[in-house]
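Peer 1: Whole structure, please, built from the sequences with the hints as guidance.
Protein chains in written order, with our numbering: chain L, 1 to 434; chain Z, 435 to 889.
Since the hints were derived computationally from the structure, they do not count as laboratory data.
Some hints could be false.
[Claimed, not checked] Keeping only pairs whose Cα atoms sit at most 25 Å apart, straight-line, the calculated DSS-like set for lysine-lysine is:
#  : chain 1 : residue 1 : chain 2 : residue 2
1  : Z       : Lys511    : L       : Lys170
2  : Z       : Lys650    : Z       : Lys567
3  : L       : Lys292    : Z       : Lys516
4  : L       : Lys116    : Z       : Lys511
5  : L       : Lys153    : Z       : Lys516
6  : L       : Lys116    : L       : Lys169
7  : Z       : Lys650    : L       : Lys161
8  : L       : Lys116    : Z       : Lys650
9  : L       : Lys169    : L       : Lys153
10 : Z       : Lys511    : L       : Lys292
11 : L       : Lys170    : Z       : Lys650
12 : L       : Lys169    : Z       : Lys516
13 : Z       : Lys650    : L       : Lys169
14 : Z       : Lys650    : L       : Lys153
15 : L       : Lys377    : Z       : Lys650
16 : L       : Lys170    : L       : Lys116
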Amino acid sequence: MRDGIDIAGHGFRHRLGTYLVMMLLVGFTVTGYLTVNAYWRDASSVALGTVEPFNFPYLKATVLHAYWNNPPQAEGDVPPPAEYIPVYNDAELARIEGLTNVRSLSVALIQECFTKYGIMELISIEPGSEILGTLNIIQGRAPQNPEEILIPKALYEAGAKVGASLLVKKATMTIPPDYPWDRRLKAKPDPEPVASKLVTGVYEPVSPMLSGLIGYLPVNRVDSYPERDPQTVEMEWPVPNTIYIGLSDPAKASDVIAYWNALYPDMPGTDVDIISPVKVTWTPNLPEETMKTAAGQVATPLFANTMNAFALGAIGIFACMFISFLDRRRELGIMKTVGMDDAHTAATVSLEVVFTAALGTVLGVVASLVITDRFLKGISGNALTIPFSAVLTGTGVSALIIAAATYVPRAMSRQGTVMELLNNRPIPIFRKRR
Amino acid sequence: MFVTLGLRNAWRNRSRTALGIVSMAIAAMVFTSSTTLSQGYPAMAYFEARQLCGSDIVLLPGKTRVSQEDLAFPNIKWRFQKASLDRPHPLLGLGRDRFTYGGLEGVIPPESRVNSARMRDVAIELRSRPEVKDAHVGHAIPVIVVGSTFAFIEARNVTNDLESWRMESAVRSGRYLTVDDSNSPVAVVTEWNAAPPGTSIRLEIPRIHVGQDGIKYRDYEDSRTTMVQVVGTVGFREGGEANPVGQIYSNPSIFVTEAFFNEIANSLGYTQCDTAWGVSVTLHEISALENFVSMLQREYPDFTVVSVPKMASAYSGGTAPSGVPMDMRKVTEVLSFLTAALLSATNLSVLMLSRKREIGILRSIGATRWNIAVMVITESVWIALIGALLGNLISQPAVLLNYLTNRVGADLVMGQVWMNLRMSAGFAVASAVLFGFLPLMKALRVTPAAVLRGE
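Peer 2: Okay, here's the thing in structure tokens:
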């Protein structure tokens, strides 16, 4: 082993230029990774610090027309969907409610409406729904029939009174001409597009997910649907379009979405803009997630370039190692002639690389510490910090890259026979063992 | 002689030379594309979307997209909420999810909020810039059409629409507005509304009412009914009406003349502040549109600056607009040239090893180290130069299309072509010389004695 170290040391000194390039490549990639990592962490912390949380432990799903389908398209563009499953019947809703981590299920109809106080949502909720009990009512009471509504505090402050009437003009859906949508799905129109609603109380919204006028909805549930490939799928008004799923553990909302997707494998989410849209992605941590994505967009190009840098480093290290190997194959052949075994030969080559990589990594870490401390500032305006975990990850990744990049020269020095090495004959990377 | 020898060597090892040339060509293509193409678009790119919006760039008050600058501005609180249909703008049709489902909206402190006076000042400031053809404050009012369908009436600058946006090409039936329409109660509707020309539509226009909290609300209980005669319908299909598979850009909007719009607004007691939605900017040409947008994003942090082509691209299923004005082009360019140079260096190093004997013989018959250096560097530079020229040739047509369609002037086009050639050739030669240094050192270490000894 001692001999191997001596030979490696000699080799290192002899090819100092090549190893210096290799060391710089490792240092460059490690510096790049650590700097980008610190920058992204800073952007992410700023982003999450400025976003307002929902504080709403529900998963909200929009399901227009009450029927799942897979997925709706412009009529005639694609074959009819395989099947329509009525969701708003007791059995189907019970299946959703039975999912793990689901605490409760509330059904609602959300409509855009024009009022004295601008355009807002009228959220009509099924009586007895759990979500009604969570409303922070500060005056009056919850609605008890379809003619009554609860108003948000902002409207009360603007002049709306409990006991007074509020005219609500419900907007019919305006569909852009290019929207692909399933024309088989039909809902009978609202028989009362303009209605005068009695204000029965005031509540303080806790989340923008439940912040409009709160109404009362006698849900028209479906017992069964006999046809599975109908020409038209029509339902009596009122047709619900929203489900609020109360979560036992809001942090695990994504699990519920996964269960939901497994329950209805045909339908959830499509890439095309569609009517009816199926949105089951409104989770309790949506603002944070959205902001994280936005912050990620700041750093994504940087990460892409870091990956390029890693690839560049790998190519460079491979090139250096390969040239070094070609340059010294005669030397390695002589060593093997005088009795050095294959493992020791490969170890000698590896030792040089390990030494270079270790030096390069240290150089990279030191350089990144200096750069982030002296020359760079994060988006927050504060100096960037490099956590120890990032240093470990960077070291691990560079070790992996070096292992991959040196595989071929190492294998060749190990596999090469004395004759192949001395006479410049081709050396196979894989040799069939006899 | 050694220059010729270098060129002959390059020719003798054609496969390795080709590899080097290809890598350099790719680097040059990346360079030319990222410095020239990513700045802007050919003149007709997303023309229909720009027609619909009547502008190339839209400056919306407040923050609807997170940018790097916004993250550095801690006074903005981001809240997930739906954009209000009470404040519609022409991008509604291109970014409708925000109005339908919601998105992150930046809540700006009251003292930094944009009002109509600020919009007007910005429009005046922008008009004074040489790149800007027109900049004006856009106005719109939401209305209920006939039953309870949502739409908004938009004041259109008819002269600008006809001259800059050739709006007559978007007419599907009837005619477009003319300057003579002036105060007449006539309108052109988008396909969204589908009212045929000759019919009259009833618009319920809300009055403004000040709540007890001092906030202005659009009062749809107290609306005024106005009859408007439809004189034409307009459609905005990508590639024109003849393209059946083109994306349709649409808005539930009703175009009226500025004079008629002002008459409605005044009669209902609307102030400029109540109807202004943002600043609409038209450039003379869009060959460097995204560069200009990035500049505006930095100069006007109280606005969300959006390039209409970028919005249209996202709407058509292209890359979603990140809204992050981070210019990583230089990093990419340097990286691509480094990769190419490294490949060339590896190629040359391998060549040097296989040519050890030849170099030794050359040295033994009197070639100096300088001669050998000239030979190696000539080969390296030759490969790099051909690669750079090839890469330039491949990407130049797209660059020329971008510039020539925008009629930016022959001198600018030639200047750009010359700059691309100069820069990519310069980078290629520099990296070839720099990275040819390692193989050169190897070649210079070869001595005649070592070669004759068979080392």
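Peer 1: A separate judgement is required for each hint: does it hold in the structure or not?
Peer 2: Status of the hints after comparison with the structure:
1. Lys511/Z - Lys170/L: 31 Å, violated
2. Lys650/Z - Lys567/Z: Status violated; Cα separation ~34 Å.
3. Lys292/L - Lys516/Z: 19 Å, holds
4. Lys116/L - Lys511/Z: Violated - the C-alpha atoms of Lys511/Z and Lys116/L are around 28 Å apart, more than 25 Å.
5. Lys153/L - Lys516/Z: 18 Å, holds
6. Lys116/L - Lys169/L: 10 Å, holds
7. Lys650/Z - Lys161/L: 18 Å, holds
8. Lys116/L - Lys650/Z: Answer holds: Lys116/L to Lys650/Z is near 11 Å, not above 25 Å.
9. Lys169/L - Lys153/L: Roughly 20 Å between the alpha carbons, so the hint for Lys169/L and Lys153/L holds.
10. Lys511/Z - Lys292/L: The hint holds at about 14 Å.
11. Lys170/L - Lys650/Z: Roughly 21 Å between the alpha carbons, so the hint for Lys170/L and Lys650/Z holds.
12. Lys169/L - Lys516/Z: At roughly 19 Å apart (the allowed maximum being 25 Å), Lys516/Z and Lys169/L satisfy the hint.
13. Lys650/Z - Lys169/L: The given pair, whose Cα atoms are some 19 Å apart, holds under the 25 Å limit.
14. Lys650/Z - Lys153/L: 16 Å, holds
15. Lys377/L - Lys650/Z: 42 Å, violated
16. Lys170/L - Lys116/L: Distance of about 12 Å is within 25 Å: holds.
Violation of the numbered hints given earlier is confined to hints 1, 2, 4, 15; the remaining hints are satisfied by the structure.
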